Structures are given as structure tokens and as C-alpha cells.
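*Asks:* Once you've looked at the hints, dock chain B against the given chain A.
Chains as they are written, first to last, in numbering that gives the first Met the number 0: chain A, 0 to 459; chain B, 0 to 459.
These are computed hints drawn from the structure, not numbers from a lab.
Hints should not be assumed to be uniformly reliable.
[Said to hold, decoys possible] Lysine-lysine pairs mimicking DSS-like chemistry, simulated, CA-CA at most 30 Å apart:
hint, chain 1, residue 1, chain 2, residue 2
1, B, 267, B, 278
2, A, 278, A, 267
3, A, 356, B, 278
4, A, 278, B, 356
As the structure is a computational prediction, the values presented were derived from the model and not from experiment.
Number of protein chains: 2
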Amino acid sequence: MPTPLAPDLASYLDANDSRIHQELFDFLRIPSVSARSEHRADMTRAAEWLAGAMRSAGLSAEILPTGGHPVVLGEWRGAGPRAKTVLIYGHYDVQPAEPLELWTSPPFSPEVRDGRIFARGSVDDKGQLFLHVKAIQAHLATRGTLPVNVILLAEGEEEVGSDNLTAFIERNAARLACDYCVISDSAMFAPGLPSILSSLRGLTYLEIEVEGPGGDLHSGIYGGAVVNPATALARIIASFHDAHWHVAIPGFYDDVREWEPEVLRQMKSLPFDDERFRKEAGAPALDGEDGRSTLERVWSRPTCEVNGLLSGYTGEGAKTVLPARAMAKVSCRLVPDQQPDVITRLVTEHVRRVAPKGVRVVVRELHGGMPWRAELSGPLFDAARRALASAFGREPVIVGEGGSIPVVGDFQRLLHAPVLLIGFGLPGENAHAPNEWMSDENFVKGMRAIAALWEELGRA
Amino acid sequence: MPTPLAPDLASYLDANDSRIHQELFDFLRIPSVSARSEHRADMTRAAEWLAGAMRSAGLSAEILPTGGHPVVLGEWRGAGPRAKTVLIYGHYDVQPAEPLELWTSPPFSPEVRDGRIFARGSVDDKGQLFLHVKAIQAHLATRGTLPVNVILLAEGEEEVGSDNLTAFIERNAARLACDYCVISDSAMFAPGLPSILSSLRGLTYLEIEVEGPGGDLHSGIYGGAVVNPATALARIIASFHDAHWHVAIPGFYDDVREWEPEVLRQMKSLPFDDERFRKEAGAPALDGEDGRSTLERVWSRPTCEVNGLLSGYTGEGAKTVLPARAMAKVSCRLVPDQQPDVITRLVTEHVRRVAPKGVRVVVRELHGGMPWRAELSGPLFDAARRALASAFGREPVIVGEGGSIPVVGDFQRLLHAPVLLIGFGLPGENAHAPNEWMSDENFVKGMRAIAALWEELGRA
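Looking at chain A on its own, in the form it has when it is part of the complex:
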């Protein structure tokens, strides 16, 4: 039987539930879109708001500059030098909200419907970051102390590749020294099923530009004799996969390490329903690399996906242009031991090789991140299992994750600390799409699980 959360902590969170929600909604109202220069002031506002919330919780907090958006660093070191130190990482920036017309309620006006908190950033990652602030506050407000020292590191560039975070960690390695890292920026396997992450996919994100004529041409006067950049781009993209959805870029799979048989076996025992997944995606049918299950395809196999296409005339009606250029945003999800820079080079070489005569191609790398695989043992892992069991009333499952959190590899490498990923999102949460939501139940239980985690770690 799991140990229930200590009554004082539980009472505190219950009694303050309404205020905590109001504060979260204030945080979600700030459109902290890191990708857009017009939201620069909102990014500053979000950082200041978060620093204020950390101080209210009893942490010291500083806004520290980087080469881009600042880091908000909260600290509480009252447990003393002999206690363990935990670094919690999250991010206060969010994805762009476009296309706005597809949101049922406005992206920066949080609204609870059917037990879901709808807002851009609700689950990715403001809600999950904020529940950590509140779990700390529960300890400090009721007991004036915590069983562990905590460092809360919130960055503002996760959605644009965390370009400045590695340098920040390197520069502040002494201050950030810790025994464990904890991150909540992922999803549970299913409602009611607490989950510990065993893997993340990495990423390399590219922009491919195909340049043809000097300007858009009349497709009648020139069509047939001038190579069409949009057609050329389509041929390039079509060459990325074979007929079995196997990536056909030479060398792409060379560094892929297959999963351990034990993890694969656990994966196969999960209550996964292809048809439910298909419905969540709203897709007519599922399909992907031949000979792999859906979970293998999204957790353990690399991809090459088009994220955006733009060329020529895309407005109302018909315009007979032969476009001057065509652009694709393309990203590859990577698995251990693929390296983003190696994959970028392979894709770039492939694109140059297959581009037809008559066009120029330019490939730009926008950002990248390393794939990651966890160690599934030790005191941190055991404490997390017990804390999740206490909050959710059942043992957690071990799951993979198709998304990327580029900094996880950096934490492990630079701080020499094991990383624990326990997320409270859910399938279908629209993390990077319109109508993003976070389960309100998971937000509430997440605070309890993290409050319990500090207790468990204090006992370890």
C-alpha cells in the first residue's frame, strides 16, 4: 500500500486550491511566446511573474541574463550541506498559438472545461513548472523547511531550442551542483496511470529553401522550360522515405541503438489502444515504418517529418504563377545514439544530391537536441515510484516519449546527476497545437506527488 501524503501538506494544498488555480491562470495569461520577437516584453513579464511566485513560495529568486531570454533561478538551501540537493528544471516560454481561429477559447485566456485547463502553455510547461513551485510552498508554508535543498531553474527558450541554456549551466555549474535533477515536461501514459520516463527522442530542425527563377513567373509563358521550385521541393521531400515509410536518407539509421529486450517487453505490456490513439490524432488511419508497432514508432524509432510548406500563391482563387522559391521546415526526431549534427549533415548532403538541375537549395539548421535514455534504478527512481504511487494510488509505469527535451542530456553530462522525468500531461493534450490543455486532476495530484517526492527523498 502506498504511503499517503502527510496530512499537513495535504491540508495546505486543499485549503489553498482556489488561490493556487487563480495564480496559475495569471501565469497562463502572459503570452510568453519565445519564438516571436513581438513577445519580448511578455517574456520579461513572465520571468518577473515567476520570480515573484518563487519568492512567495519561500525561495530566493533571481532573473539571470543569457544570450537570449533570461533564466529564472529559485533556490532554497535550508536543508544544509549534508542533505541532498535537487535541481528542478522547467520552462516558462510557450509555443506560438497560431492558427488562432482553431481555438475554442482564446489561447491566453485560461478556461476550465470538462476538468481540463485550456490555455497555451497549460501543460507545456507552465502548469507542470508551477506545480513544483506550489509543492515547495506546501512544505515551507506548513513546516518552514524541506527535507532537501532545492534549485528551481526555469528557462525561457525551450520552445526555440534552448540555445543558451548549455552555456548557462556551464557558467553556473558550481551553483547548480546537485545530486538529482527532476523535470516535469512530459505526459502520463493514460489518465490515472502515473508514469516515469525512460527515454526521449532528440531533434534536428532544418529549413530547406529551394530557389528557382528570380521572381514568380507566369506559368504559361515559362512553364515547362523552367524548373518549378515547388515541384523540386516535393521531389526532395518524397525522397526522404521509401514506400514502407523507412527513412531513405543514406546513413540515417547507422547509429540507432535498439531498445533492451526488457524495456521492449514492458512497452508491449502497456494498455495501448491503436484505435484510441488514432482517434486522439483524428487521423483517417495510422501508418508508419513497416514492421513496428505504434509505440515503437513514436518512442524508439527516428523520424523525418515536414513541419511546414510554403510556396507561390496560397490565397483565395487561382493564380497561375511558377513560384520563385519553395520552403519546407523539416525536423528529424532522433534516438540514441544518433547525433543531431551528424543527421543534419546526412540530410543536407542527401538534399543536395537529389535536388534537380535548375534550382539552388539552401539547408539551414534551426536547432537540435540530443536523444536520451534513463537509468531505471537507484534512490531517485525508487523515491519517485513511491511518491507517484502515493498521489495516484497505483504503481507507476515505465514509458517512452516521442518528444524532445534537449537539455536533459546536458544536465546529465554537465551536472553529473541522474535525471528523473515525471510528467503530468496526458495523451491528446495538444501541446503544440490549438486547444492545448492540462488535466486539472493531474495538476492537483502532481502537486501532491512532488510534495511527497521531497519527503521520500529525505528518507532515502
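*Replies:* Chain B alone, transformed into the frame defined by chain A:
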């Protein structure tokens, strides 16, 4: 030696040159973009302006409703029932001007630079339509009469497929009855080289929509297991051609009639320079269907071109979405005896056949037009040869045209009158692109050539 233009007509056009230009510029200032509903009032304004200009020239003029933008119909029948009647066709609508940032001077603020009149619609087709109005005015103002009866039919939907014109012609066939049709909506082969058109390509313009998931998805969480509509669209487009730029849609070439050897021989004798054409296009290299010259590719061979692509995230920076949908605008240029509806069917069947599992495809036909080939003999053709020689000082050449004027086939079919296409555009005029221009010399000589044409036809 060509007969020079009668001195009274020449003097009139010389003396009024500045006023004629100012009037043309007034016409060009009206942004009569038929494709965009926000320009509806401008379309009305352009029709009214044109009717006023026809009346000033001595024609009666009416604005006649259609199912879409109205037709402006000018008439002068003073030559009497025994004289020939000529129907002149042109259009007062223009292409959208986007992308605006690529224009050196604003599209609807005409400006003359280096002997070129820059404005959207300058050459396609307002300038060429207006020179007909002025050629008629030269006759009526100096002599009070014309050797032929004239009907000036200007439509407002040429750039969106002339959807309502066929019905208009059918409905008004008695009123539009004529001996000859004359159209100036095409280009001369080269500066100083007057040209008579022997062929036009037809068109079918389609929009292909590939629908995948119900909304944009996180490319990490779903990527690999849900078919990407943008990738699917790229594969569909890539299947349109083989490696030799031969259209690979089954049945596509079945109805293509090869050109007569004599016309091909004339085509090969034209002073055509691939390198100059490449420079005009601003393309890194020319390429197209194997085994065909550039002029064959654009005049005598059908194409399948992408006019626009749109999918997913296309803004600044990186957004890792798996797009819900992907759209392509695709048009096929057609040659005799291809039929637009047959080609639409073949493309639609092909798209459905090659679309991967996991996406839905929808193909919509936006508009179409028949290809056309001229009869290169008879009184109209002979009069045109002499009139062009008189204005330009040399015999015209016989040329093809890669573009489409969908109504040409309709005139021939419904009015049983031969159609003469003499255009005064020039290569590189950017007809459907930013920085459209018309040669001022051609505008001026065009008025003279048309004034001479009525004299020649009167003698025929």
C-alpha cells in the same frame, strides 16, 4: 514596303499622346483584382471608367451584368450592314499584386522607367485593351467614321477563369454576331518584332487538399505513427513527372496533337536565345521535358505545374508540428486536342491512386480553358500582316504562346468567326508577377497598328 498609317490618324495619335497616357494611367490606378472579394467596388469602378472611356471615343457603351463581374460592351455600327463587323475582346480585371514587397514602385501607381510602363495590368490586359479604344477614337475623332463596325467586349473575369463569359456570349450571340474577332492579350516575340499568334495553351487549374489528423499535432508525440499530410502531398506531386520531366500521369498525353512540320520549321527559324530566356526568368538553369527545345516546351507541350503550396507552420523560427493538412494549387497547361475536363479527371484519378494510406485527398477544379490553334490564312490574317508591318516597319512573325486565353475557343465556336491574336507585350514583362510592365513603344505602335488594321480590313 509597308503602307504607312494615314497622316490624319497618325497626327491625331501624335497630338494626343500625352492625354492618352494620362488616361491609361487613370485606368491602371484602379486595383481591379477580380480574384479578391475586397476589390468588388474597384471592379465596378473600373467597369464604369472603361464605359466612360468608350463613350469619349465615340462608341455607345453599356455595363452588362453576368453571374460575376460585369461585361463592358462598346459598339459602333455606323459602317452599315454591308461592312464587316469586328468584335474586339479584352479584359479589365488584373491578377492579384502580391507579394507587394517585391514591387519597385507600387502596383497601382503607374510609373514609366526606361521606356516601360510599370503597373499591375499594364500589359495584362488594360494597356492592350485601352490601345484598341484609342485606335477607334483616332478614326472617329478625325473622320467621324470607321471602315468596319466594331464591338468592344471587355470582361472582368479573365484572371479567374472567365466563368460567366461563355454564358454571356451564348445569351447575346445575335448582338455579338461578327465576321472577325481580334484580341490583344499576348506578347510579341521580341522588341521590334511584331507577331501573330498561332496557338494558345489551355488550362485546368486544381486545388489539391490532403487531410490527415484532426488538428496540428506535436511531431514528437505523434511523429512516425501518423502519416504526415505534407509528406503525403510531396509524394503525390513528385509522382506527376518522371525523371525526364515527362508528365507521368497515365493518359496525360493521349490527346496531344503534334505541330505541323511547317509551323515547327518556322518556330526553329526564330531568333530564340536560350541563355537570354534563362536570364529573363532569373533561373539557375533551364530544364524541362527531355528531347524538346525551350520553345517547344512552352508553346507545343503540356505541363503540370505547382502554383502554390501551404502546410503547417511557415512563420519565423521552429515549430514542431505534424500538420493537419497540406494544400497545393496545381495547374496543367494543355495543347490541342487535350480537353480540360478529361485532364482534370485523369489528374484526380492519379492523385487518389498514389495518395498514401492514412490521409484523405480532395481535388477541386477551380477553372479550365481550351487550348487553341489558329488558321494562318484569309483576309483577316492578311490585313493583320500589313497593319503590323506598317506600324513596326517589318513583316510579322508567326509565334506560339504558352499562356492561356480560355475564351478564344469559345469565340470561334459560338460566333463562328476566325480569331486573330495580335499582342503587344514583350518577353520578361512579369504579367502575373511583381513589377509587371508594358513597353511604352509597343503601346504607341500598338495603337497605330490597330488603327491601320481597320483601314486594311476596310479595303479587304
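*Asks:* All hints, please: hold or fail.
*Replies:* Hint-by-hint comparison with the structure:
no.: 1; hint: 267(B) - 278(B); in the structure: holds, 20 Å
no.: 2; hint: 278(A) - 267(A); in the structure: holds, 20 Å
no.: 3; hint: 356(A) - 278(B); in the structure: holds, 16 Å
no.: 4; hint: 278(A) - 356(B); in the structure: holds, 16 Å
Of the numbered hints given earlier, the model fails none.
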